[in-house]
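Note that the protein sequences, when read in sequence, are chains D and L.
Numbered per the working numbering, the first sequence finishes at 373, counting up by one with no gaps.
Numbered per the working numbering, the second sequence finishes at 373, counting up by one with no gaps.
What the hints contain is simulated information worked out from the structure, not anything from laboratory work.
Mixed in with the good hints, there may be bad ones.
[Stated by the list, open to error] To be clear about the criterion: a stretch of chain L counts as covered by chain D if any three or more of its residues have a C-beta under 8 Å from a C-beta of chain D, and this derived list gives those stretches:
#1 121-133
#2 297-306
[Said to hold, decoys possible] Mimicking EDC-like on lysine to aspartate or glutamate, the simulated pairs with C-alpha atoms at most 20 Å apart in a straight line are:
#3 D/357 <-> D/369
#4 D/357 <-> D/343
#5 D/172 <-> D/340
#6 D/139 <-> D/170
#7 D/198 <-> L/322
#8 D/160 <-> D/49
#9 D/25 <-> D/260
#10 L/130 <-> D/295
#11 L/160 <-> L/322
#12 L/100 <-> L/167
#13 D/195 <-> D/159
#14 L/130 <-> D/282
#15 L/195 <-> L/260
#16 D/357 <-> D/337
#17 L/231 <-> L/221
#18 L/130 <-> L/140
#19 D/130 <-> L/260
#20 L/195 <-> L/242
#21 D/130 <-> L/282
#22 D/198 <-> D/242
#23 L/269 <-> D/295
#24 D/269 <-> L/295
#25 D/195 <-> D/325
#26 L/198 <-> D/343
[Unchecked claim] Simulated restraints, written as ranges between beta carbons of each label pair:
#27 D/329 <-> L/97: 51 to 57 Å
#28 L/195 <-> D/164: 34 to 40 Å
#29 L/329 <-> D/295: 42 to 48 Å
#30 L/354 <-> D/350: 45 to 51 Å
#31 L/247 <-> D/195: 46 to 52 Å
#32 L/346 <-> D/190: 48 to 54 Å
#33 L/346 <-> D/123: 55 to 61 Å
#34 L/247 <-> D/342: 42 to 48 Å
#35 L/368 <-> D/295: 51 to 57 Å
#36 L/140 <-> D/295: 37 to 43 Å
#37 D/71 <-> L/292: 55 to 61 Å
#38 D/357 <-> L/251: 46 to 52 Å
#39 L/254 <-> D/229: 48 to 54 Å
#40 L/354 <-> D/123: 53 to 59 Å
Bear in mind the structure is a predicted one, so any value in this text is a computation, not a measurement.
Beta carbons are placed, not taken as given, at the ideal position from N, Cα and C, and that holds for glycine.
This is what each chain is made of:
There are 2 protein chains.
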Amino acid sequence: MTTCKAYGACEAHADLTPMHIERRALRADDVAIAIDYCGICHSDAHAVNNDWGSTVYPCVPGHEIVGHVTAVGPQVTRHKVGDRVAVGCMVDSCQDCPSCDDGHEQNCSKGLTATYNGKDRHTGALTHGGYSEGIVVREKFVLRVPDALDMKFAGPLLCAGITVWTPLRRHGVGKGSKVAVIGLGGLGHMAVKLAVALGAEVTVITTSAGKADDARALGAADVLLSKDPKAMQAAANRFDFILDTIPTKHNVNPYLMLLGRDGVLVLVGALEPLEPIHGALLVMNNRSISGSLIGGLPATQELLDFCAEHNVLPNCEMVDVRDINSAFQRMQANDVKYRFVIDMASLRETAVG
Amino acid sequence: MTTCKAYGACEAHADLTPMHIERRALRADDVAIAIDYCGICHSDAHAVNNDWGSTVYPCVPGHEIVGHVTAVGPQVTRHKVGDRVAVGCMVDSCQDCPSCDDGHEQNCSKGLTATYNGKDRHTGALTHGGYSEGIVVREKFVLRVPDALDMKFAGPLLCAGITVWTPLRRHGVGKGSKVAVIGLGGLGHMAVKLAVALGAEVTVITTSAGKADDARALGAADVLLSKDPKAMQAAANRFDFILDTIPTKHNVNPYLMLLGRDGVLVLVGALEPLEPIHGALLVMNNRSISGSLIGGLPATQELLDFCAEHNVLPNCEMVDVRDINSAFQRMQANDVKYRFVIDMASLRETAVG
Numbered sequence: 021m022t023t024c025k026a027y028g029a030c031e032a033h034a035d036l037t038p039m040h041i042e043r044r045a046l047r048a049d050d051v052a053i054a055i056d057y058c059g060i061c062h063s064d065a066h067a068v069n070n071d072w073g074s075t076v077y078p079c080v081p082g083h084e085i086v087g088h089v090t091a092v093g094p095q096v097t098r099h100k101v102g103d104r105v106a107v108g109c110m111v112d113s114c115q116d117c118p119s120c121d122d123g124h125e126q127n128c129s130k131g132l133t134a135t136y137n138g139k140d141r142h143t144g145a146l147t148h149g150g151y152s153e154g155i156v157v158r159e160k161f162v163l164r165v166p167d168a169l170d171m172k173f174a175g176p177l178l179c180a181g182i183t184v185w186t187p188l189r190r191h192g193v194g195k196g197s198k199v200a201v202i203g204l205g206g207l208g209h210m211a212v213k214l215a216v217a218l219g220a221e222v223t224v225i226t227t228s229a230g231k232a233d234d235a236r237a238l239g240a241a242d243v244l245l246s247k248d249p250k251a252m253q254a255a256a257n258r259f260d261f262i263l264d265t266i267p268t269k270h271n272v273n274p275y276l277m278l279l280g281r282d283g284v285l286v287l288v289g290a291l292e293p294l295e296p297i298h299g300a301l302l303v304m305n306n307r308s309i310s311g312s313l314i315g316g317l318p319a320t321q322e323l324l325d326f327c328a329e330h331n332v333l334p335n336c337e338m339v340d341v342r343d344i345n346s347a348f349q350r351m352q353a354n355d356v357k358y359r360f361v362i363d364m365a366s367l368r369e370t371a372v373g
Numbered sequence: 021m022t023t024c025k026a027y028g029a030c031e032a033h034a035d036l037t038p039m040h041i042e043r044r045a046l047r048a049d050d051v052a053i054a055i056d057y058c059g060i061c062h063s064d065a066h067a068v069n070n071d072w073g074s075t076v077y078p079c080v081p082g083h084e085i086v087g088h089v090t091a092v093g094p095q096v097t098r099h100k101v102g103d104r105v106a107v108g109c110m111v112d113s114c115q116d117c118p119s120c121d122d123g124h125e126q127n128c129s130k131g132l133t134a135t136y137n138g139k140d141r142h143t144g145a146l147t148h149g150g151y152s153e154g155i156v157v158r159e160k161f162v163l164r165v166p167d168a169l170d171m172k173f174a175g176p177l178l179c180a181g182i183t184v185w186t187p188l189r190r191h192g193v194g195k196g197s198k199v200a201v202i203g204l205g206g207l208g209h210m211a212v213k214l215a216v217a218l219g220a221e222v223t224v225i226t227t228s229a230g231k232a233d234d235a236r237a238l239g240a241a242d243v244l245l246s247k248d249p250k251a252m253q254a255a256a257n258r259f260d261f262i263l264d265t266i267p268t269k270h271n272v273n274p275y276l277m278l279l280g281r282d283g284v285l286v287l288v289g290a291l292e293p294l295e296p297i298h299g300a301l302l303v304m305n306n307r308s309i310s311g312s313l314i315g316g317l318p319a320t321q322e323l324l325d326f327c328a329e330h331n332v333l334p335n336c337e338m339v340d341v342r343d344i345n346s347a348f349q350r351m352q353a354n355d356v357k358y359r360f361v362i363d364m365a366s367l368r369e370t371a372v373g
C-alpha cells in the first residue's frame with residue numbers, strides 16, 4: 021500500500037478537502053501512475069453531492085486522468101516506467117463477456133468498475149479517482165498518450181471526448197455528413213471539434229444567441245437558435261445526425277423534426293424520462309433516437325491517436341487543486357469554456373494535515 | 021376514361037356500398053390492371069371512417085392490389101398485357117428527390133401519391149384504391165408478381181409485408197439474429213414468418229397466453245408474456261431487434277429493457293405520442309428506438325421475389341366483396357387470422373346501381 025495526497029468529500033454537499041488515501045500494492049498486471057493532470061467532469065459534482073443516491077464516502081472524484089508510469093507489475097507488457105498514459109471512467113471489467121470481448125467494456129454484462137466510487141473486483145475496496153497524486157490501475161485499462169498530444173489537454177478526452185466520439189463513429193459521421201450538436205458545454209464543444217475534424221458540416225443548436233460566435237470559433241458552419249420557430253421550421257429534415265448533450269429531461273420532438281430520412285439523434289446526457297415522443301416523427305422519416313455511454317478502450321485509444329494526429333484539443337482552463345471548490349461552483353453555473361483541468365503539481369505542493 | 025365497379029364509402033361511419041368510379045385514360049407510361057385480389061388493411065377502415073380527419077369522399081380503399089395487365093401506354097417497357105402484377109400503398113412520387121433517386125419513394129420529399137384518398141400529380145383528381153374491378157397506375161409503381169407466388173396470397177405483402185420487411189432488412193436481421201415481435205396481428209404474423217425465413221430466432225411478445233400456439237405454428241421459437249414481470253425480467257438484454265406492431269400509444273420502456281447492446285426497437289404502428297421514454301434505458305446499452313414507414317419500390321419487389329423463393333405467404337381469409345362490411349367489423353375486433361383478402365371475382369358478378 022502507498023499513501024497519496026488527494027482531494028475528496030467526506031459527506032454530501034460538503035466542500036472537497038485535502039486528505040490522504042491508500043493505493044493498493046501492485047498486482048502482477050498493475051501499473052502505478054503519477055497523475056499530472058485531471059479534468060473536472062459534471063459527474064464529479066453529482067457524485068460528490070450524492071445526486072444519484074449511490075455515493076460512498078470519502079469520495080475522491082476524477083476520471084479524466086493523465087500522468088506517467090512510475091512502476092509496473094511483473095506481467096505488464098504494454099507500459100513501462102516513464103510512459104505517458106491516461107485513465108478514463110473505468111479501471112476494470114469482467115473481461116469475459118461479449119461486450120468485453122468486443123472492446124465495449126463500458127457495456128460489460130457484469131458491470132464496469134468505475135474509476136471512483138466503484139468496487140475493486142478482487143477486494144471490494146472503494147475505488148478513488150484522479151484528484152490525487154497517484155493511482156494504480158490494471159494494465160489493460162491504461163491508455164497511451166501519443167507524443168504529439170499535449171498532456172495538459174488530454175484529460176477531457178477521457179470522458180467528455182469519448183462520450184461524443186463513440187456515437188460519431190458508430191453512426192459513420194464523416195466527410196459530407198450534416199451534423200447538429202445541441203448544447204455547447206464540455207461535451208458539445210468537443211463534439212463540434214471532432215465532427216469538424218471528421219469532415220462533417222456542423223451546426224450548433226443553442227438557446228442563446230450569445231453562443232454563436234463561440235460556436236463558429238470552434239468550427240461550426242452554422243448556428244440554429246432553438247427558440248426561433250421559423251428557423252427551426254426552415255431546418256426541417258436537414259441533418260443526418262444530431263448529438264443531444266442536454267443533461268436533463270427535455271422535449272426531443274422539435275429536434276427529431278430536423279432529422280432527414282434515416283437520421284439519428286443520440287442522447288448522451290439525459291438519463292431521466294423524456295417528454296413524450298411522437299411516434300409519427302420516428303415513423304415518417306425512418307428516424308431514430310438512440311443513446312450512448314462513454315466508450316470502450318479501443319475507441320478511447322483511437323480518439324487519443326486521432327486527436328494527436330489532427331491536433332484536436334479541448335479548450336481547457338487550468339486550475340490549482342486548492343481552488344477546486346470554486347471551480348465546482350463555476351462549472352455548475354456553466355461558467356467555464358469548456359472544461360476545467362486540475363494541474364496536479366499544485367497538489368504536490370500542498371501540505372495535507 | 022373507363023367506368024369500373026367498386027365498393028366505397030360516401031361518408032364517415034357509413035357502410036361501404038357498390039358504386040361506379042371512373043379510371044383515367046392511359047397516359048404514355050400507364051398500365052391498366054384488372055384486379056383479381058385486394059387485401060383489407062386496418063388503414064382502410066381508418067380512412068373510411070375519417071379517423072385521421074383527411075378523408076375525401078367517396079372513398080374507395082384498398083392498397084394491397086394484385087391483378088393482371090389489360091393494356092399499356094405506348095412508352096411502357098416493363099409490363100405487357102397478361103402480366104401478373106401488384107400495386108401497393110403508393111401510385112406516384114416526384115421522381116426527382118434524393119429519396120426517390122434512392123428507391124425510397126415512400127419518403128419522397130414532395131410527398132408520395134397514395135393509392136387511394138390521394139391526389140393525382142397531373143390533374144389533382146382523387147385517387148381510388150383496389151376495392152374495384154380495375155386501376156390505372158404509372159408503370160414505375162407496378163410490381164411484378166413472380167410465377168411461383170400464389171396470386172391469392174400476394175396482396176397482404178404490399179402493405180403488411182413491406183411494412184415489416186423494410187426494418188428487418190435495414191437493421192440486418194439474418195441468421196443468428198435474436199428477434200422479438202410485439203403483437204400478433206396482420207403485421208406481426210408477417211414479421212414472424214419473414215424473420216424466421218431470414219434465419220432469425222424469433223420470440224413473440226404478447227399479452228395473451230392464448231396466442232402461444234399460434235405463434236409457434238407461425239415459426240416462433242419462443243413466446244414471452246408481457247404481463248409476466250418475472251419472464252420480462254429474465255429476458256432483459258436478450259434481443260438484437262424488436263419489431264413493435266402495437267398500433268396505439270403505449271409504454272415502450274419494458275420492451276426497451278429487453279434489448280441488448282446496440283439493440284433497436286422499431287415502431288411501425290404507433291403514430292401518437294408515446295409514454296415517456298427513460299433516457300437511461302437508451303444510454304445504458306446504446307439502445308435505439310426507430311420508426312419505419314412501408315417501403316420503397318425496390319424493397320417491395322425484393323419482398324415479392326423473396327416470398328416466392330422461400331414460399332412465405334400471409335395467412336389469409338378470402339372474402340366476397342359483398343361481405344366487406346362484416347369483414348371490416350371482424351377486422352376491427354381482431355377476429356381474423358391474419359388478413360382478409362377480397363376475391364374480386366365476386367365484384368364482377370355483382371350488379372351495381
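Do the hints match the structure? See the list:
no.: 1; hint: 121-133; result: holds (count 3)
no.: 2; hint: 297-306; result: holds (count 10)
no.: 3; hint: D/357 <-> D/369; result: violated (26 Å)
no.: 4; hint: D/357 <-> D/343; result: holds (17 Å)
no.: 5; hint: D/172 <-> D/340; result: holds (13 Å)
no.: 6; hint: D/139 <-> D/170; result: violated (31 Å)
no.: 7; hint: D/198 <-> L/322; result: violated (30 Å)
no.: 8; hint: D/160 <-> D/49; result: holds (8 Å)
no.: 9; hint: D/25 <-> D/260; result: violated (47 Å)
no.: 10; hint: L/130 <-> D/295; result: violated (30 Å)
no.: 11; hint: L/160 <-> L/322; result: holds (15 Å)
no.: 12; hint: L/100 <-> L/167; result: holds (15 Å)
no.: 13; hint: D/195 <-> D/159; result: violated (35 Å)
no.: 14; hint: L/130 <-> D/282; result: holds (17 Å)
no.: 15; hint: L/195 <-> L/260; result: holds (12 Å)
no.: 16; hint: D/357 <-> D/337; result: holds (7 Å)
no.: 17; hint: L/231 <-> L/221; result: holds (18 Å)
no.: 18; hint: L/130 <-> L/140; result: holds (13 Å)
no.: 19; hint: D/130 <-> L/260; result: holds (19 Å)
no.: 20; hint: L/195 <-> L/242; result: holds (16 Å)
no.: 21; hint: D/130 <-> L/282; result: holds (17 Å)
no.: 22; hint: D/198 <-> D/242; result: holds (11 Å)
no.: 23; hint: L/269 <-> D/295; result: holds (14 Å)
no.: 24; hint: D/269 <-> L/295; result: holds (14 Å)
no.: 25; hint: D/195 <-> D/325; result: holds (19 Å)
no.: 26; hint: L/198 <-> D/343; result: violated (52 Å)
no.: 27; hint: D/329 <-> L/97: 51 to 57 Å; result: holds (52 Å)
no.: 28; hint: L/195 <-> D/164: 34 to 40 Å; result: holds (38 Å)
no.: 29; hint: L/329 <-> D/295: 42 to 48 Å; result: holds (45 Å)
no.: 30; hint: L/354 <-> D/350: 45 to 51 Å; result: violated (59 Å)
no.: 31; hint: L/247 <-> D/195: 46 to 52 Å; result: holds (49 Å)
no.: 32; hint: L/346 <-> D/190: 48 to 54 Å; result: holds (50 Å)
no.: 33; hint: L/346 <-> D/123: 55 to 61 Å; result: holds (59 Å)
no.: 34; hint: L/247 <-> D/342: 42 to 48 Å; result: violated (58 Å)
no.: 35; hint: L/368 <-> D/295: 51 to 57 Å; result: holds (53 Å)
no.: 36; hint: L/140 <-> D/295: 37 to 43 Å; result: holds (39 Å)
no.: 37; hint: D/71 <-> L/292: 55 to 61 Å; result: violated (33 Å)
no.: 38; hint: D/357 <-> L/251: 46 to 52 Å; result: holds (51 Å)
no.: 39; hint: L/254 <-> D/229: 48 to 54 Å; result: holds (51 Å)
no.: 40; hint: L/354 <-> D/123: 53 to 59 Å; result: violated (46 Å)
Violated hints, in rising order: 3, 6, 7, 9, 10, 13, 26, 30, 34, 37 and 40; the structure is consistent with all others.
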